[in-house]
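Assemble the complex: chain D is given as a structure, and chain C with the ligand must be docked to it using the hints.
Sequence lines, in order, name chains D and C. Read in order, the letters of the first sequence correspond to residues 1 to 421 in the working numbering. Read in order, the letters of the second sequence correspond to residues 1 to 168 in the working numbering.
No lab work stands behind these hints, which were simulated from the structure alone. Every value quoted in this text rests on a predicted model; they were computed, and no experiment measured them. There is no bait here: all hints are sound.
Covered, in the sense of this in silico footprint (three residues per stretch, anywhere, with C-beta under 8 Å from a C-beta of chain C), are these stretches of chain D:
hint : stretch
1    : 26 to 40
2    : 122 to 130
3    : 180 to 194
4    : 355 to 367
5    : 379 to 386
Just a sample of chain C residues kept apart from chain D, beta carbon distances all over 10 Å, derived:
hint : residue
6    : Ala34
7    : Phe45
8    : Gly52
9    : Ala123
10   : Lys137
11   : Phe138
Where a beta carbon is used, it is the ideal one built from N, C-alpha and C, also for glycine.
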Amino acid sequence: MGMTITEKILAEHCGQKEVRPGQLINARLDLCLANDITAPIAIDEFEKAGAAKVFDREKIALVPDHFTPNKDIKSAEQAAQLRRFARKHQIKYYFEVGEMGVEHALLPEQGIVLPGDCIIGADSHTCTYGALGAFSTGVGSTDVAAGMITGEAWFKVPEQMKFNYKGKLSKWVGGKDLILFTIGKIGVDGALYRTMNFTGPVIQSLPMEDRLALCNMAIEAGGKNGIIEPDEITEEYVHLRARHAYKFFKSDTDAKYVESYDWNVTNMEPQVAFPHLPSNVHPVSKASDITIDQVFIGSCTNGRLSDLRLAASILKGNSVAKFVRCIVIPATQLVYRQAMEEGLIAIFLDAGCAVCTPTCGPCLGGHMGILAAGERCVATSNRNFVGRMGHVKSEIYLANAAVAAASAITGRITHPEEVAK
Amino acid sequence: MKFKGKAFKYGDNVNTDEIIPARYLNSSDPEWLAAHCMEDIDADFVKAKKKGDIIAARKNFGCGSSREHAPIAIKAAGISCVIADTFARIFYRNAINIGLPIIECPKAAADIEAGDAVEVDLAKGSIKNQRSGHTFKFEPMPPFAQEIIAAGGLMKYVMNKMKKEAKK
Ligand code: SF4
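Bound conformation, chain D alone (with noise of 0.2 Å):
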């Protein structure tokens, strides 16, 4: 019987010749991540079982993405820990602050996580780097700790579910919108413990910063991973920047999956999750009478060049409404050069927009741009629990970066066509 490609991965990490869903594995693990608000306590636990030394200074990544630049002196201290850390050990993929970006962007940007890699990640985002054809999943602090000493993790390998996306997207719908409408369709436990598989013709032709959206919000379903096939797109977007060997799987066509779905997204619309889960989806057209007060474009979903290209788009020669701020925080340093070389930023800063150096900052409410009680943000990330951004009565509607802009100009959740000139 055939296998997915996850399933694939898992065995040549394992050393077997096959896996089957259920079975409990020891993977070999290609990369341990962390981030500033995970890492500590990893440490915590390296230190206290009394490890001597990592397993490998090559297969560890430590990010400090989520309060930096530090916000206040507790955070610092976090950071100056996972500082302290990286150097005694000589981690090599640390992040300082200047060279750091949001780790689920910069990890695939520079070549870290490739094709075939069995990658764990103190960071439920991890699920991103499914979009290279890698098998990743987040886990907690404890897990990254035993992989950091033992470049081991344990896995049950989960069920597959495979979702088959037919026909044309239309212009402002992109990957975004796919995993929207996907999650509005199975619920943010639709895919608890299991893999995604996403395939079919619309996939096949998504380009890389659109699946890497995608892959991102897998676990909004509840998923363990999501995961898309390498091809010429994967080929093409690894071969300059891999740092390691990497290796293409390919799902068997008689894998076995336990539940399958098959849509023709031909004249979806822009997609929209309103408060306060990410399976509240509705199409644009149905939000366009909600005022917003602030808009934030960013995030390890879509704070990537295509994004802010997107958005500038729209943004051009136009300004954000009286009384809406929108915050613009490109995801890596080598986005926002990109976007500053390109004129985006420009264009941003012209519109009235806020710029800020790569953080995930308000994603999780952290800092750089909390919400007020009774305020409403329209956000490119992939959460809109209560209180994610800000206060317990503030509201989140997650879109994509072209809906994002054309509603900062009008001060309401907006289709991009009604501000696209």
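Only chain C with the ligand this time, still in chain D's reference frame:
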């Protein structure tokens, strides 16, 4: 292990931002986290909870972020175990790794109301609700997870295993 305590009751999809809001993640001190546990979903929780109390909820408890701070906050708040229909997978994993007992038992989760006195016997796999008089059976955790808990958490389990391998 046996527990007896008063129940706090919540619904579907209780997420990690509700269990411990990100604004408190600038520290991982368990006492600090416990002092803000459940704050955005139940402002009275911290004052009302007593050592040994239990949390009952419905589907997908602990969804959202991977923050281990969430089960740590619950454990440090003195909660003896969490009963739910289902748990989000990272929360489930984290709870095992840090040694917070969690039980998937939809029938008990549906039966338990806020304030009920509940008895749990982990080894026998039974939950008794004193108010309703109902007793529920639940599947014990997978053997692998039980091994980790018996060792006192993932780190101890891993270190024991490494010691054994070093001797070979
Ligand atoms: S941008 Fe938001 S979702 Fe992404 S890693 Fe940062 S806090 Fe998490």
